[in-house]
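Now for the letters of each chain:
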Amino acid sequence: MSRVLLIEDDPSVREGVELGLRRRGHEVRAAATGEAGLAAMAEFRPDLLLLDLMLPGMNGVQVCRRVRERSQLPIIMLTARGDDFDVVIGLEAGADDYIVKPARTEVIEARIRAVLRRLDDGGAGRPDIEVHGELTIDRVGLTVAKAGRPLALAPSELKLLLHLSAAPEQVFSRQQLLEHVWDHSYHGDARLVDACVARLRGKIEDQVGSPRYVQTLRGFGYRFGPL
Amino acid sequence: MSTGTGGSTGGTGARRSRRARAFGLRTRLLLAFLLVAAVSAGTTAALTYREARNAVLQTAQDTAVTSFRDQVQQTAFALPVQGGDDLDALLRDIARRGKPHPWVVFAEYGSVRASSGENAESTVITPELRRAARADPHGSFERVVKDGVPYLTIAMPMVFKTGPYSLVPSGLVLYAVMRMTDEQVNVDALLMAARDGALPGLAVALIPGLIAARSVLRPVRELREAARSMGSGRLDTRIPVRGSDELADLAHTFNESAAQLDHSVRELRDAEARARRFASDVSHELRTPLAGMLAVTEVLDEDADHLDADTARAVRLVSAETGKLAVLVEDLMEISRFDARAAELNADEVDVAETIRKTLDNRHWTDTRIRTELPDGIRARLDPRRFDLVIANLVGNALRHGGAPVTVRLRTEASSEGRAVLVTEVTDSGPGIRPEALPHIFDRFYKADAARTRSAGSGLGLAITLENVKLHGGTIRAGNLPGSGAVFTVEIPLHAEEAGG
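Line by line, the protein sequences are chains A and B.
In terms of this note's numbering, the first sequence opens at residue 1 and continues consecutively.
In terms of this note's numbering, the second sequence opens at residue 228 and continues consecutively.
The following block holds chain A by itself, in its conformation from the complex (with noise of 0.2 Å):
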């Protein structure tokens, strides 16, 4: 079971979801505000942060900011479809999926198990250390460099990156990826690759205008090189 943050402003919603969650084994620490959940992560330290993105004070992109400058903490948000404008910033500020408010318990557990998940299918049959170009991708320890540094891939990019090199020159559209990479239906929202496609290309790309790595076949969907 995980331990996970819950930041949320809203008293019925941060109870209803923690008294869920705790029934199904989880290790639920709340917080009221954002400014709250950042002081008590390093004492808490959680397996997965739940963000609620309309938060007084410090709102839940800036904690999602915040967070990312320094750990690849799994972020799920907490949103209500129709803000939409705030799924996508949530998404560029490096949340790893998000939740639509009203949700019942076991859709949330089912995204943090989904999220927490760990990739093992993609690289069965393939060597633990590959080198594409400058990119080196250790599929055991998990860790990508480039060039010989590390790079700080958030779950969901590290996840993307995996299933992609993994059969490279493929084309996976991007249902496809919602499914395998995010464990969504088929019928997902496709913005959340996108956006992460754009997170990852940001970090492994040389030119990000013109990817090298993560290629876009228009109409059809992403594939891994050719390099």
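Possibly wrong hints are sitting among the right ones.
Unchecked claim - Sample of chain A residues lacking proximity to chain B, with all beta carbon distances greater than 10 Å (derived):
no.	residue
1	ALA32
2	ASN59
3	ARG68
4	ALA103
5	VAL140
6	ARG174
7	HIS180
8	ALA198
9	ASP206
10	LEU227
To be verified - Sample of chain B residues at the chain A side, in silico, Cβ under 10 Å:
no.	residue
11	ILE434
12	ARG514
13	LEU517
14	ALA522
15	VAL523
16	GLU529
17	HIS533
18	GLU557
19	MET560
20	VAL577
21	ASP578
22	GLU581
23	PHE614
24	LEU616
In short, the hints are calculated from the structure, not lab data.
Small disclaimer: the values here were computed from a predicted structure and weren't measured.
Each residue gets a CB set at the ideal place from its N, CA and C atoms; glycine is no exception.
Position chain B relative to chain A; hints supplied.
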């Protein structure tokens, strides 16, 4: 000029507008100007021509009659007249002295006929003239046109002067026949002059006609453009008011009406926006408490077994209804976003058959209740989430309100405009939709079955489906199969323009 506005009975719009143009204001104004100019120029020319012609002919004819009478009186005839060379010579003598032109002289006396010309008897002299010659001893004349040539014929009876005031006809009548060709040329020249004067006059009349038409038509055109602009939604359209004539009054009235319309529409829109904002705000406010409640429904469900029977029933009821309330609020939010035009289409090019199969799989509709005809290889730009909702809603409805088996059919077709469209058909094997319910089937909260007080869904499912299809630029329609069963047909353009993405 009497066709009025024209085109009121015209068939197609194009034909109507062409007819309207042919008998439009400009044409009618020009025709009116031309008519006035033609009538005045024509009348003037005709009067002038008539007077001048009379003057020319009168002069020639007076000269001729006087001259002939003198000739006849100065000539001595031997009576009774015998035909013969003497008489012919006498007549030729008179003929030579014809004024203003030479004439041919004929003599008639009983059965004696003589002339200065080749024929003894003239073909130009009419019986009327002969009658007049016998009646009037002072002589008569007549203008005759024969074979296109004008002649002046003069009859002069020889008389015996028996007293100062009494004359006795001798029985001899002399006729003079004179060609009036020169006079005709003069008259023709007059006619030409009248025509040459009138035609440029008519042409010149076109200029004030055009100016007048322009001065009337410009405000009319401005009015038409303003009305069209209003019709296309720009209610702030106004037209400049020039001068103080009737057209300026019309422009003024138009502007006032437009301002009032603008005001009314703005008020209506504001009221509608307020109503929508209220619905949206209500759903937003409901969502936060629901988020807390929904997160703990599982706790209720799990623990209900350990509670006493009544409490357990109450707890399960609360849990179940919380779930339904969450769906209703979510659907209300969705509808609010469509109303506020805030719904976005996140289109992606997908394999449609695969997309539909995933929809059915996700909801465990994989048994024999569902039949599919999904040809592979059809790709279209769709918002996968919204298309999933459309298919799930139609299949769910078919299973709930219709009857198994439900068939999902996919095909592509060329639309009437020649564009390729994606056609998705969901048919069921139930009793079909009542005909009176068909027009309202996509209305919000419409209950096709009046006996059912609450539908299993939110009552917004088909309304949201319709909006989702429209967002794809497509159409949806409901109908019944010839035998039994309802059929819902969704048509979406295969390659929607990129704007949607």
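Run the structure past the numbered hints and jot down the numbers of the failing ones, going up. Numbers 4, 6, 11 and 17 - these are the hints that the structure violates, sorted from lowest upward.
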